[in-house]
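K.L.:
The chain contents come next:
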Amino acid sequence: MLKARHKRFILIGIGLALIGLAAMLILNAFQSNMVFFYTPSQVAKGEVPHNTGFRIGGLVEMGSIKRGEDGLTVHFVITDTAHTVPVEYKGVLPDLFKEGKGVVAQGSVGADGLFVASEVLAKHDENYMPPEAAAALKSAQEQSKTLVMPK
Amino acid sequence: MIPEIGHFSLILALLVALTLGSFPIIGAARGNTVWMGLAKPLSALQFALIAFSFLCLAYAFAAKDYSVVYVANNSNSQLPLQFRIAAVWGGHEGSLLLWALILSVWTLAVSLFSKHIPDAMRARILGVMGLISVGFLLFMLMVSNPFDRLMPAALDGKDLNPLLQDPGMIFHPPMLYMGYVGFSVAFAFSIAALLGGQLDAAWARWSRPWTIMAWVFLTVGIMAGSNWAYYELGWGGWWFWDAVENASFMPWLVGTALIHSLAVTEKRGSFKAWTVLLAICAFSLSLLGTFLVRSGVLTSVHAFATDPRRGVFILAFLVVVIGGSLLLFAWRARTVGRGGKFDVVSRESFLLANNVLLAVAALSVLLGTLYPLFLDALNLGKISVGPPYFDAVFAPLMAPAVFLMGVGPIARWKDAALPELFVRLRWALAISAITAIVLPLLLGNLTPMIGLGLFLAFWVFASSAELVYQRLRKSEGGLLAGIAASSRSWWGMVIAHLGIAVFVLGVTVVKGFESEIAVKMHPGDVAHLAGYDFRFDGVESRNGPNYTANHGQIHVSKNGVLRTVLEPEKRLYTVTNMPMSEAGISPHLIHDLYASLGEPLDGGAWSVRIYHKPMVEWIWFGCLMMAFGGLLAMSDKRYRLNKQAKSAAAGQGQRA
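Residue numbers (my numbering), protein chains in the order written: chain H, 1 to 151; chain W, 1 to 656.
Think of the hints as simulated: they come from the structure by calculation, not from any bench.
Check before you lean on any hint, since a few could be wrong.
What the hints assert, rightly or not - Computed cross-link-like contacts, SDA-like style, restricted to lysine to any residue with a CA-CA straight-line distance of at most 20 Å:
#1 H:Lys7 with W:Arg412
#2 W:Lys382 with H:Gly63
#3 H:Lys7 with W:Lys414
#4 H:Lys66 with H:Leu93
#5 H:Lys7 with H:Gln31
#6 W:Lys382 with H:Phe30
#7 H:Lys66 with W:Glu540
#8 W:Lys158 with W:Val575
#9 H:Lys90 with W:Leu601
#10 W:Lys382 with W:Asp242
#11 W:Lys511 with W:Pro448
#12 H:Lys98 with W:Thr548
#13 H:Lys101 with H:Glu69
#14 W:Lys511 with W:Phe240
#15 H:Lys98 with W:Glu582
#16 H:Lys138 with W:Trp413
#17 H:Lys101 with W:Glu599
#18 H:Lys66 with H:Lys101
#19 H:Lys98 with W:Pro579
#20 H:Lys90 with W:Leu529
#21 H:Lys101 with H:Ala111
#22 H:Lys66 with H:Gln31
#23 W:Lys341 with W:Trp413
Construct the complete structure from the given sequences, taking the supplied hints into account.
P.N.:
Laid out in structure tokens, this is it:
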């Protein structure tokens with residue numbers, strides 16, 4: 001029979017090993033499932049990854065929504081007022097998806113520059129702009145300012 | 001005038017809370033019985049004042065008083081009365097008032113049902129709850145006053161967010177808050193134990209029913225929220241790993257660990273410091289959850305730039321409560337004692353493993369919820385961590401926890417033997433393993449996740465059956481006598497564990513076998529899914545009190561026999577000009593049929609989403625079983641007042 005002290009060591013050892021394993025698992029899962037956000041300007045400059053998915057956000061450009069024959073494939077353009085990204089999405093769009101309104105799409109960009117979205121998010125509040133979309137517009141505005149007024 | 005009276009009542013409540021948070025605690029330290037005795041009447045007074053203030057706000061909503069900013073922002077004259085009342089907690093300020101009201105209800109309840117608790121401890125418990133109340137009332141009065149006036153008054157209100165105009169809004173937030181705030185009782189018990197240096201089996205027995213009650217409310221609250229999201233959002237999902245959901249799930253995970261740890265503290269006197277730490281964490285996460293959801297920080301971490309005082313107050317409040325209680329814990333934890341020893345293989349160690357797994361799971365949710373916020377706050381870029389992360393983390397963490405649920409209740413306290421456990425559970429193991437492989441093969445879809453889910457669900461069913469069978473076999477005199485021979489808290493545990501199994505079964509089946517299609521349908525078109533024919537019969541206009549709607553009809557038949565009619569709706573709320581989908585659902589024990597309208601296309605056609613969701617209702621039914629198990633455990637006779645007074649006296653006699 002083991003001594004009580006040894007048993008306690010075993011218990012603590014097993015516990016620590018398992019917690020370490022869990023921590024590794026969690027951090028690994030975290031790292032491999034992070035989705036980064038980019039603005040249309042960053043997409044235009046080619047600063048985006050090509051092998052993994054990411055999110056873009058901005059406004060749905062006025063007059064850009066075009067529906068396919070099947071009624072489910074939709075093409076539209078996301079703009080941050082400085083640059084635009086053409087997007088393709090197949091499926092039913094959220095209630096608040098509208099031209100001129102904020103939108104965030106998740107997907108990946110192909111060699112032809114077309115962003116194929118797997119998910120389109122538009123949050124449920126007429127006045128509420130998705131934070132990512134608001135950030136994209138803001139950064140585009142700031143960049144255009146620095147272009148207009150170089151120091 | 002009435003809003004001013006409500007505001008004044010809130011100020012009086014703050015004064016009462018300040019008194020409640022100081023005199024009884026000081027009295028307990030000095031042995032001043034008069035000061036300690038103040039706690040009970042002050043609790044009643046505090047409740048009366050906050051309840052009155054709450055009624056004033058509700059009256060302002062009911063009477064359409066749009067000279068109050070909060071009412072004007074969250075209500076509208078077209079809004080039906082039940083939603084005008086529910087709109088009281090539809091925004092930031094009002095939900096804080098609901099929080100404070102519920103805290104005062106719990107405080108009152110503790111003061112009324114604590115005759116058996118020693119005076120000093122009761123005074124400390126109520127005092128700590130008074131201090132929490134001070135924080136919330138101060139916050140409201142300083143930066144989030146629901147009674148602020150609008151000059152000149154608005155002609156009409158901006159309306160409640162249409163998403164919230166649903167019966168779910170009437171039940172879900174109060175239930176959830178009852179759970180959140182209920183953990184303040186466990187928290188106060190723990191702080192009182194640290195202050196008084198007394199933590200024994202009697203203490204655990206006093207705080208257990210309160211903790212279980214809070215857990216029951218939280219379970220039902222989360223379940224109601226999940227069900228609401230399922231039928232309201234029109235995506236057929238029941239859990240999105242959204243930050244708002246995570247905020248309620250973290251206290252649930254830690255609270256679940258807490259009720260198990262309390263069991264060990266009561267039965268074996270072990271895990272004392274750990275129990276106290278869990279109680280502190282459960283309440284801290286409840287606070288964090290409240291502020292995450294209600295402060296606007298999720299919409300934008302920079303929301304506080306518009307009103308930095310709110311952010312500073314919230315951060316300061318969290319630091320004081322969490323930091324202060326953890327400091328107190330570090331300083332006083334040794335006084336509560338360490339408790340009995342136990343073997344590597346014993347019920348204690350299984351429960352410890354369950355606790356660690358639940359705590360790690362809560363931490364992983366915390367990481368996934370807060371890390372993106374931190375990055376954003378520090379301007380280090382925007383990221384999101386969605387369902388893939390949580391799915392990847394949760395299955396491996398929860399699978400061993402669920403497996404241990406089968407072993408723990410059968411293992412002996414202090415010292416169990418693995419071979420004996422194996423012998424007792426070999427049939428349960430065999431049955432669940434075979435089911436996990438055969439059932440998916442019969443249904444034609446065997447994946448590792450489906451196999452694992454089914455194995456765990458049937459493992460809990462089978463091992464619980466073994467547990468019950470052993471209990472009943474030992475007792476003499478018929479089945480009913482056998483059932484009565486075991487305590488209600490034991491049966492409560494069995495039922496709650498079976499609830500987990502039902503939940504796991506539901507999740508596994510719906511994830512493994514659900515199917516969906518999105519189609520463009522003209523009136524008369526038929527879509528096929530899961531052996532059913534869905535005939536779209538077009539839409540007709542219908543008007544609600546504050547919306548116009550396109551009301552669709554879909555006839556569902558199988559082999560030419562009409563089974564049900566789904567009636568999805570697309571509403572346009574006129575005040576906010578916001579579209580909303582109302583799904584058409586035919587709920588059933590075996591499967592749900594679910595349809596929602598997308599958008600109108602050319603020539604009377606609509607895009608339509610149709611889902612087949614096998615056994616999805618089991619998910620919520622499992623939650624209800626867990627809650628029922630909790631209620632049953634709470635009603636155990638050893639927690640009842642008169643019995644408790646005697647056994648507490650006996651317990652004290654033993655110690656002496």
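K.L.:
Next step is simple, just say for each hint if it's right about the structure.
P.N.:
Verification of the hints:
no., hint, result
1, H:Lys7 with W:Arg412, "17 Å, holds"
2, W:Lys382 with H:Gly63, "29 Å, violated"
3, H:Lys7 with W:Lys414, "13 Å, holds"
4, H:Lys66 with H:Leu93, "13 Å, holds"
5, H:Lys7 with H:Gln31, "36 Å, violated"
6, W:Lys382 with H:Phe30, "15 Å, holds"
7, H:Lys66 with W:Glu540, "26 Å, violated"
8, W:Lys158 with W:Val575, "7 Å, holds"
9, H:Lys90 with W:Leu601, "15 Å, holds"
10, W:Lys382 with W:Asp242, "16 Å, holds"
11, W:Lys511 with W:Pro448, "12 Å, holds"
12, H:Lys98 with W:Thr548, "19 Å, holds"
13, H:Lys101 with H:Glu69, "24 Å, violated"
14, W:Lys511 with W:Phe240, "13 Å, holds"
15, H:Lys98 with W:Glu582, "19 Å, holds"
16, H:Lys138 with W:Trp413, "61 Å, violated"
17, H:Lys101 with W:Glu599, "16 Å, holds"
18, H:Lys66 with H:Lys101, "16 Å, holds"
19, H:Lys98 with W:Pro579, "11 Å, holds"
20, H:Lys90 with W:Leu529, "19 Å, holds"
21, H:Lys101 with H:Ala111, "27 Å, violated"
22, H:Lys66 with H:Gln31, "36 Å, violated"
23, W:Lys341 with W:Trp413, "10 Å, holds"
In terms of the numbered hints stated before, the structure departs from hints 2, 5, 7, 13, 16, 21 and 22, listed from lowest to highest.
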